[in-house]
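Please put together the full structure from these sequences, using the hints given.
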Amino acid sequence: MPIHIHSLQIPYIPSGHSDIWGKEIHFAEDQYYHIKASSGKGKSTFIQCLYGVQKNYSGELSFNGQSVKNMNIAERCHYREQSVSIVFQDLKLFEHQTAFENIEIKRQLNPYHTESRMKDMAIELGVSEQLSRPIDTLSYGERQRIAIIRALMQPFQMLLLDEPFSHLDQANIQKASALILHEVRQRKAGIILVDLEDDQHFPYHEKRIL
Amino acid sequence: MGMLKSILGMASLRVRVFTNVALFIGFLLLLLSVQLYVDALQILHPDKQKNSEADFLVVNKTITNDMMGRPEASYFTPAEIEALRKLKGIDGLSQITSNRYAIEAHTLGELAFSSQLFFESMPDEYLDITPKKWTWQAGQKNLPIVLSADFLNLYNFGFALSQGLPQLSEETIQTLSFSVRVGNGSASEEYIGEVVGFTQRYSSVLVPQSFMQYANQQYGQGKSKACSRLILQTREPDQPELVQYLKQHHYATQNDKLKLSRIRTIVDMVFGAGGFVALFILILSFMVLLLYIRLLIAEASHKLELLTLLGYTPSRLQKHFTGGSIKILGLILIMSMLGVAALQFMLASTLKHYFIELSFWPAWQTILVLLLVASCIAMVLRHNVQTVIAKYL
Numbered sequence: 001m002p003i004h005i006h007s008l009q010i011p012y013i014p015s016g017h018s019d020i021w022g023k024e025i026h027f028a029e030d031q032y033y034h035i036k037a038s039s040g041k042g043k044s045t046f047i048q049c050l051y052g053v054q055k056n057y058s059g060e061l062s063f064n065g066q067s068v069k070n071m072n073i074a075e076r077c078h079y080r081e082q083s084v085s086i087v088f089q090d091l092k093l094f095e096h097q098t099a100f101e102n103i104e105i106k107r108q109l110n111p112y113h114t115e116s117r118m119k120d121m122a123i124e125l126g127v128s129e130q131l132s133r134p135i136d137t138l139s140y141g142e143r144q145r146i147a148i149i150r151a152l153m154q155p156f157q158m159l160l161l162d163e164p165f166s167h168l169d170q171a172n173i174q175k176a177s178a179l180i181l182h183e184v185r186q187r188k189a190g191i192i193l194v195d196l197e198d199d200q201h202f203p204y205h206e207k208r209i210l
Numbered sequence: 001m002g003m004l005k006s007i008l009g010m011a012s013l014r015v016r017v018f019t020n021v022a023l024f025i026g027f028l029l030l031l032l033s034v035q036l037y038v039d040a041l042q043i044l045h046p047d048k049q050k051n052s053e054a055d056f057l058v059v060n061k062t063i064t065n066d067m068m069g070r071p072e073a074s075y076f077t078p079a080e081i082e083a084l085r086k087l088k089g090i091d092g093l094s095q096i097t098s099n100r101y102a103i104e105a106h107t108l109g110e111l112a113f114s115s116q117l118f119f120e121s122m123p124d125e126y127l128d129i130t131p132k133k134w135t136w137q138a139g140q141k142n143l144p145i146v147l148s149a150d151f152l153n154l155y156n157f158g159f160a161l162s163q164g165l166p167q168l169s170e171e172t173i174q175t176l177s178f179s180v181r182v183g184n185g186s187a188s189e190e191y192i193g194e195v196v197g198f199t200q201r202y203s204s205v206l207v208p209q210s211f212m213q214y215a216n217q218q219y220g221q222g223k224s225k226a227c228s229r230l231i232l233q234t235r236e237p238d239q240p241e242l243v244q245y246l247k248q249h250h251y252a253t254q255n256d257k258l259k260l261s262r263i264r265t266i267v268d269m270v271f272g273a274g275g276f277v278a279l280f281i282l283i284l285s286f287m288v289l290l291l292y293i294r295l296l297i298a299e300a301s302h303k304l305e306l307l308t309l310l311g312y313t314p315s316r317l318q319k320h321f322t323g324g325s326i327k328i329l330g331l332i333l334i335m336s337m338l339g340v341a342a343l344q345f346m347l348a349s350t351l352k353h354y355f356i357e358l359s360f361w362p363a364w365q366t367i368l369v370l371l372l373v374a375s376c377i378a379m380v381l382r383h384n385v386q387t388v389i390a391k392y393l
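Chains A and B, in that order, are what the protein sequence lines are. Under my numbering, the letters of the first sequence match residues 1 to 210, in that order. Under my numbering, the letters of the second sequence match residues 1 to 393, in that order.
Hints are not guaranteed to be accurate.
Unchecked claim - Here are the computed lysine to aspartate or glutamate pairs in the EDC-like style, where the Cα-Cα straight-line distance is at most 16 Å:
{"#": "1", "chain 1": "A", "residue 1": "K92", "chain 2": "B", "residue 2": "E305"}
{"#": "2", "chain 1": "B", "residue 1": "K5", "chain 2": "A", "residue 2": "D198"}
{"#": "3", "chain 1": "A", "residue 1": "K36", "chain 2": "A", "residue 2": "E197"}
{"#": "4", "chain 1": "A", "residue 1": "K36", "chain 2": "A", "residue 2": "D198"}
As the list claims (entries may be wrong) - Computed footprint of chain B on chain A; a stretch qualifies when at least three of its residues, placed anywhere within it, have a C-beta under 8 Å from a C-beta of chain B:
{"#": "5", "region": "73–83"}
{"#": "6", "region": "90–104"}
{"#": "7", "region": "108–118"}
No lab work stands behind these hints: they were computed from the structure. Virtual Cβ for every residue (Gly too), placed ideally from N, Cα, C.
Okay, structure coming up:
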């Protein structure tokens, strides 16, 4: 039972008929959750709460019983290195570094995969040619795939995905979701995906509306 | 760490060279001023190094016109003696006992002469020499006497030469004996005076303490008088507080011993100023280094924010910024220590030609200052950088 929320509330986001805000929910590891929301409902805010970036909320949010908000610096770093991984909506890549460096900086922190496995993933998602190029020379779709590979470089119990496929075509979405599913199953981990629309990318156990 | 380097970049070579050279100069100057200060003290106090005897100051009240005709004014009161005993740096204090009976010396070998004398005595441990026959017991006819070497010099060079009298060596005088009459008229005794040694420390005629007590009791007139001369035992006759105290209370003593006090005050000031300048340079160059690192951090703030989002800890990131500096700091320490050691060796070798003894090795105080300052710098650097980075988390 890694993530538990209770009466979570953000001051400037009205809870309305939300399935999330103000409710009590357990996000179990090895379960896949889809959270749908239209713009402005706080999708990214919610994901950032879970990742320990956004702390301006009331209510409870805990990981394995420990309050995420109250983690000290070392615990928070350990949380991001070991327990949760993320694909940010705005990707958060180093613009002037190459795609390879962007993935490698994450991989070196807490290696779950070898460098050659990382390159295999790049081949699988069709971005192996792009590895040696700086991020600011890549298309947004290519960057999205680099960010996905980066998120898969570490161990985790929960994978947070914030509109991860927004700039990918159907063929690439299929390849990417297959890779993610494979990796998540290998770790017996869970997925929390937030998106604008309903989708069937993963065999979801639960769907909610933010 | 290689990946961090390529993402966060490195400090410019020019700035690194500048700050490191400045740090080196600062360290070298600081260590030199500490080392030279220790050297100067060592030269001013050669006995300290050999751990040998302390200095002895004979203190008396300055005789002023006002005091003439009032001998009691020149005696030390018990309160004054206590106050002196309690002064900082005073290891021992003794009173000098004087005779309260008449003394007349006469008949030196075959030479008949007659002269009034005075005797003084003090505990043996305050003497600078230990003559062989320096004991006296009741009934003993031989009276050992220690003369001031100054008296012999006065006679040999002042008196004998001008009067056409023979000059006498210390050995000669020690083979001669003369008669000493102690006491008045019928109540007097004859002794055979023998000079058994010469003292450089006291301008006096000294007899053993046991004789002085006996004779004062036997022939002494009047009550036992207070003491007008004191001996202070101290390892630092030149410490400014003592000199100041003696001056304030109008006490007089051997001035040559106190002259060192002024030299030492000057030495303190010169090296104090030198150390201050060195410390100033050191702090300044350290500030430049620290500010430069903080500038690098500010420039990389966006990247640092991202790295902490990925799970990099502030302490790990701090190592990237300070790791190189701390390694170079270590190198600077070794270099400045070697520099000081080389200079000290050269200085000691040079001074040896002038018969000034100086250690060939840097003093432990220098090494202590080095380690203290270096660990302070390393700690401040690490802590400061880590605190700045933690803000991004």
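For each hint, the structure was consulted:
Taking the CA atoms of A/K92 and B/E305, the gap is near 10 Å; set against the 16 Å cutoff, the hint holds. Taking the CA atoms of B/K5 and A/D198, the gap is about 42 Å. The hint is violated against a cut of 16 Å. Of the supplied pair hints, the one linking A/K36 and A/E197 holds, its CA atoms being roughly 6 Å apart against a limit of 16 Å. With a CA separation close to 6 Å, the supplied pair A/K36 and A/D198 stays within the 16 Å bound.
By the rule of at least three residues with a Cβ nearer than 8 Å to a Cβ of chain B, the coverage given for the region 73–83 of chain A holds, with 9 such residues. For the region 90–104 of chain A, the assignment as covered by chain B holds, since 5 residues bring a beta-carbon within under 8 Å of that chain's beta-carbons and 3 suffice. Judged by the Cβ-Cβ criterion of 8 Å, the region 108–118 of chain A is covered by chain B as claimed, because 3 of its residues qualify and three suffice.
When the structure is compared with the earlier hints, a violation turns up for hint 2 alone.
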